[in-house]
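Asker: Those protein sequence lines, which keep their order, are chains A and B.
The numbers in full-length UniProt numbering rise by one with no breaks, and the one at position 174 of the first sequence is 174.
The numbers in full-length UniProt numbering rise by one with no breaks, and the one at position 4 of the second sequence is 4.
Errors might be hidden in some of the hints.
[Said to hold, decoys possible] 25 Å max Cα-Cα, derived PhoX-like pairs, lysine-lysine: (1) A/174 - A/69; (2) A/129 - B/82; (3) A/148 - B/82; (4) A/31 - A/202; (5) B/113 - A/148; (6) A/153 - B/296; (7) A/111 - A/80; (8) A/153 - B/113; (9) A/148 - A/94; (10) A/94 - A/8; (11) A/80 - A/68; (12) A/74 - B/113; (13) A/130 - B/5; (14) A/80 - A/174; (15) B/296 - A/94; (16) A/94 - B/113; (17) A/129 - B/113; (18) A/111 - A/68; (19) A/111 - A/129; (20) A/130 - A/94.
Don't read these hints as lab results, they were simulated from the structure.
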Amino acid sequence: MTNNLLIKAENVGIQFGGLKAVQNVNMYLNKGELIGLIGPNGAGKTTTFNMLTGVYQPTEGAITFDGKKINGLKPYQVTKLGISRTFQNIRLFKDLSVLDNVKVANHNLAKHSIVSSIFRLPSHFSGEKKMEEESLAFLKIFGLDVYKDELAKNLPYGMQRRLEIARALAANPKLLLLDEPAAGMNPQETHDLMELIAFIRKEFGLTILLIEHDMHLVMGICERIYVLDHGQLIADGTPTEIRNNPKVIEAYLGEEVVD
Amino acid sequence: MKKSKSFWGYCLLALVIYAVVQLSISMQLLDLYYQNMLITMCINIMLAVSLHIVIGITGQFSIGHAGFLAVGAYLSAVATMKLGLPFPIAILIGAVVAALAGLLVGIPTLRLKGDYLAIATLGFAEIIRIVFLNVDYVGGAAGMVVNHMSTWTYAFIGVVITILVISNFTNSRHGRGCIAIREDEIAADAMGINTTYYKVIAFAIGSFFAGLAGAIYAHNFYIIQPTTFGFLKSFDILIYVVLGGLGSLSGSVLAAILLTVVSTYLANFPETRMIIYSLVLIIVMLYRPTGLMGTKEITDLFKIGKKGGSKA
Ligand SMILES: Nc1ncnc2c1ncn2[C@@H]1O[C@H](COP(=O)(O)OP(=O)(O)O)[C@@H](O)[C@H]1O
Ligand SMILES: [Mg+2]
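Isolated chain A, as found in the complex (with noise of 0.2 Å):
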């Protein structure tokens, strides 16, 4: 199993204040793996995504990435090592173009230093060249080569939700975070995205962690399930396992019940 992990949280929490937002979080991902993490709102999910990208310093506990320890990292730096993220409520560059989002993730692809952009060196027009042709291929992928020359903000409020994963995609991660990709979807869109992150992980051999408000849609598609519920890991395993978890059907007690 060793071999095979990509990212391990032990005892990993938080603390705002006097508030424990997270505590005592136990978490693991092998290469390859689809998980899920769910739990009712305000559990704690965004917050553990923020720790495991260093948005947030867990006050304690350790994250081991790819055999690294990434505590105290900034989050270009996380992000350079190999994860990556959506965000919950939508945070594209709204007054950049379609295709400059993704360049922008593409940052690091290109290696062409200051000197050689503002002097217009060769080093600048190779540089950008391949970045805009894998921006380019990124946005096909998704269906959004169409929009290339829109301004994010202007997209349709499911396209947005695309353009952000492709440009997490764009920043080439080993671990994609995905926080509530599906949120405001129509059922059709949702099925539609849940295709493409099937297809995604397979073309690019990605280890995904998705936050889903939606316990249908998690079921159908994680191998395994973490389940939050005020800041703490109340549960984790299969699908089938967590169906018939009654610490988790209490947790849920009062929403949709799953069936």
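Please build the complex by placing chain B with the ligands on the supplied structure of chain A, with the hints as guidance.
Answerer: Frame of chain A, contents of chain B with the ligands only:
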């Protein structure tokens, strides 16, 4: 490659503008009053574009730009007047030291956001001014006498270099990183952009060209005094950038040209000058709240409907 085609187009345009003015000067069609206005215009364009990279591109609300103008002015003046160095070298010294001052100010202050950053940069600019005020070597409050060396040629070359460097920077992966910071700093960070690094770089480049403008400014007016570089000067520069449209390089150039002309003419009416100047600002902001150009560039206006490449 259509990019290089339009590049040569701009070169030609610049050459024509330069030649026409230079010819008018040598044929004595332009008196000193207008020559001076044109040089002032060039200085203001450099200042506007150099602040544009900090505020318009990177989204860092710095309002102490006159501090770096002062560094460039004083350091270049020391180089020519005290050390007897040639003017071109003095310009370079002014710009480089201003860039270093930019690094020194930028590294601690760019951690701050919004109002805090604005206040901190304003404070640093005042510190720079007060340092010059208290150094007797550069004349203290009385100021420093500087020979007139700036010409239309120097000023124009300064503008061309400023615009070329800053637009080349902007239209590259580095510039896109800066724009991403302006748009959403958290998302930029999450996409692998070293946000601190790029904020400091943009700030240093902006300071460099403010220093360049300072060198040309110092050698255009026979005397430099600390009072010239107060926060009112910083606000003047800020106004070019905001009035032109945040994020638009051509907008800030346009605003600098417009306001230089307006304030040069208004110099004849000292009593009403500030009132009319303010009215112009208010009217523009009422009818164009996002500035003259919004976030668009002049070049966008010529290629509506046949857009292919990327732009910022
Ligand atoms: N920066 C913060 N400061 C204070 N409290 C926070 C902060 N971020 C998250 N929290 C708290 O952590 C808890 C978990 O939030 P979150 O992770 O967004 O939940 P979820 O994504 O599971 O809906 C909430 O109670 C929230 O108020
Ligand atoms: Mg959340």
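Asker: Against the structure shown, which of the earlier numbered hints fail to hold, in ascending order?
Answerer: Per hint list: 2, 3, 5, 10 and 17 violated.
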